[in-house]
Amino acid sequence: MRKLFIMALLAAATTASAKVKLQPLFSSNMVLQQQTQAPIWGEAIAGKTVTVVTSWDNISYQTKADSKGRWQVKVKTPAAGGPYRITISDGKPTVLDNVMIGEVWICSGQSNMEMMMKDIKNSKEEIAATASHPNIRLLKVERETSRAPLDRFHAPGESWQVSSPEWAEEFSAVAFFFGREIEKYRNVPVGLIETCWGGTDAKSWTSHDFIEQLPDFNHEANNLDSVYHAYSDLDQVYKNDWQRWFGDAAATEAKANADMNGDILAWAAPSYDDTGWFDVSLPGFSEEPQLVNYDGMYWLRKTFDIPARWRGKALKLNMGMVDDHDQTFFNGKMIGHSVGVRTIRSYEIPATATRTERGTVALRILDGGGGTGIYGFRGHLSISCGNDTMLIDGTWKGRCSVDIDHLPDTPKGQISYVNISTLLYNAMLAPIIPYAMRGAIWYQGEENANRAYQYRELLPTMIRDWRHQWGYDFPFYIVQLANYQPQLKEPNESAWAELREAQSMTTRLENTAMSCTIDIGEADDIHPKNKQEVGRRLGLLARALTYGENIEYSGPVYKDYKMEASAIRLSFDHTTGGLTTSDGKRVRGFAVAGPDHKFHWADARIEGNEIVVSSSKVKLPVAVRYAWADNPDCNVVNGEGLPMFPFRTDDWQGITYGKK
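In the working numbering, the protein residues as written are 1 to 660.
No lab work stands behind these hints: they were computed from the structure. Please note that a few of the clues may not be correct.
[What the hints assert, rightly or not] Have a look at the derived ranges for each label pair, beta carbon to beta carbon:
| # | residue 1 | residue 2 | range |
| --- | --- | --- | --- |
| 1 | P289 | T580 | 23 to 33 angstroms |
| 2 | Q290 | D66 | 55 to 65 angstroms |
| 3 | K313 | K92 | 24 to 34 angstroms |
| 4 | N98 | D235 | 37 to 47 angstroms |
| 5 | G247 | Q37 | 53 to 63 angstroms |
| 6 | T275 | S226 | 18 to 28 angstroms |
Values in this document were obtained by computation on a predicted structure and should not be read as measured data. No residue lacks a Cβ here, since even glycine has one placed at the ideal position from N, Cα and C.
Could you build the full structure based on these sequences and the hints that come with them?
Right, here's the structure in full:
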């Protein structure tokens, strides 16, 4: 009884001295939106008084934590400036330093928004230059899914970061270059919140209350648990197929490497001598000559001293995001395996494996194509025992094992459970709401391209949803899909063109606009590397439409047409500086059709701010299309060099009509 009493006293003392809990949104180096009532929230002991003091005006705000320990205040923010300090206390203060007041933007979407600074053109120079922008602050929401809205998320370092090469290299390039434009032309601190996930569907970023309003998604939204379990079962089958594949590949691998002595586990053993292997610097995109153009199986190893206080205890190994698939070993025993590019690895090391003075981590990795590496920030590569952590980044040992051409065929049929309705909204957007911000930029649509007609409703619904959750109609700026895939010799139907059309239709929403990138894609890469120009063009939208600068922010946009005998005359908006071609050559990209709906390439000529199109193969043209292809050959721009948006004058049923 006395023991229980003492334990109760200790628990009470611990609780009484507990600090307020804050999520990464509220940390040193943060940016608060200027000239607004900015919410600040967190957790404390139920009923406890929480005080928030802001140094820019020395005002003290007080509130009480509710029965669940939640509290929130709204602080009045001044015009852009800083650095400032915010002190939050429930009797024990938490101090947030180097706080800036400025412009905050949400940056979301799929892989082209997620594409990191280190993966773009001129990456080394651009990353080095990030050190010159300390007033740009970065917050990256880590990948997570949830079937119900969460109130917390995780971020690298669990906090905002000052722009620097260390933190910017794995931040969204589009977001950073957009922020750089705002900082440059508005002369204010900029806070960028990246929340994105490659290969994801817009329905995943939409809340239950809004997605269920759409008939195509109603069943999934209202049967989320059963849908999730069905996807999970299929996903497990896929992972099991991969585990069998790794087993089948072992014989080929052992045969190809004499020093395995017939057993791949030889390379995982702590006694194995890896001094002859090449050095690999981790984390990062592999730039070692042996791995730059390599596709196939390879190994990574690192040996370290196990702290005496850890020996005989269960540990956790964190390996960041391994590209593509791995089996991971500790002291010769497999402790985990994962499937999928850039999936964060976290494996348990059993206490029975940590009784030695030294430990060896070995990864058997299959890279199926493209670059490879282990991605993440320095803190992602670590071993921990409770709250005690040791970094294992830096120099590892590597060795290529078997080229992919000599390995068995890999499993097919991956199931992307992240594309279930609401899962990403719940985990990666809901915890941010209602953080005060100016607006959002969005680069997504590739995943929805084959259901472009459906996207006509889905994207506007998602935007209305976000605005409803925040409580105001903030600016929402979209990147239209870039050109991609081989160019076709003849006019044809295109799912990507229909998706671009759906994106254009979305701009009918108030305070919504779009940037055209039809000229800066890459035929053989769905992730074009010129993200500088994408960020610049998004910046033009914000500078003109949000901040009121008198600049041209858009390429030519189709307005109207009229018939002229055997030709059609087209008129446009956003023709600042006149219409011209980007390469000084004849106009390309137009096609016309007659009543038979068959399109032929058109002759086109610029007349002032209009374009006249015709074709000798079409006596009575009734419809015109421009840049209507996955990867169109088109070249019309305005005097600012901004490309004309793809369009069509007809409303004939497209190839994605009815697809769900």
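Cross-check of the supplied hints:
1. Distance hint for P289 and T580: a CB-CB separation of about 45 angstroms, inconsistent with the stated range 23 to 33 angstroms.
2. Restraint check, Q290 to D66: a C-beta distance of roughly 58 angstroms satisfies the suggested window 55 to 65 angstroms.
3. Look at K313 against K92: about 31 angstroms separates their beta carbons, and that is inside 24 to 34 angstroms.
4. A hinted range of 37 to 47 angstroms holds for the C-beta pair N98 and D235, which are about 42 angstroms apart.
5. At about 59 angstroms, the CB distance of G247 to Q37 agrees with the hint of 53 to 63 angstroms.
6. Under the hint 18 to 28 angstroms, the C-beta atoms of T275 and S226, about 54 angstroms apart, miss the expected range.
Going down the numbered hints, you'll see the structure goes against 1 and 6, while the others check out.
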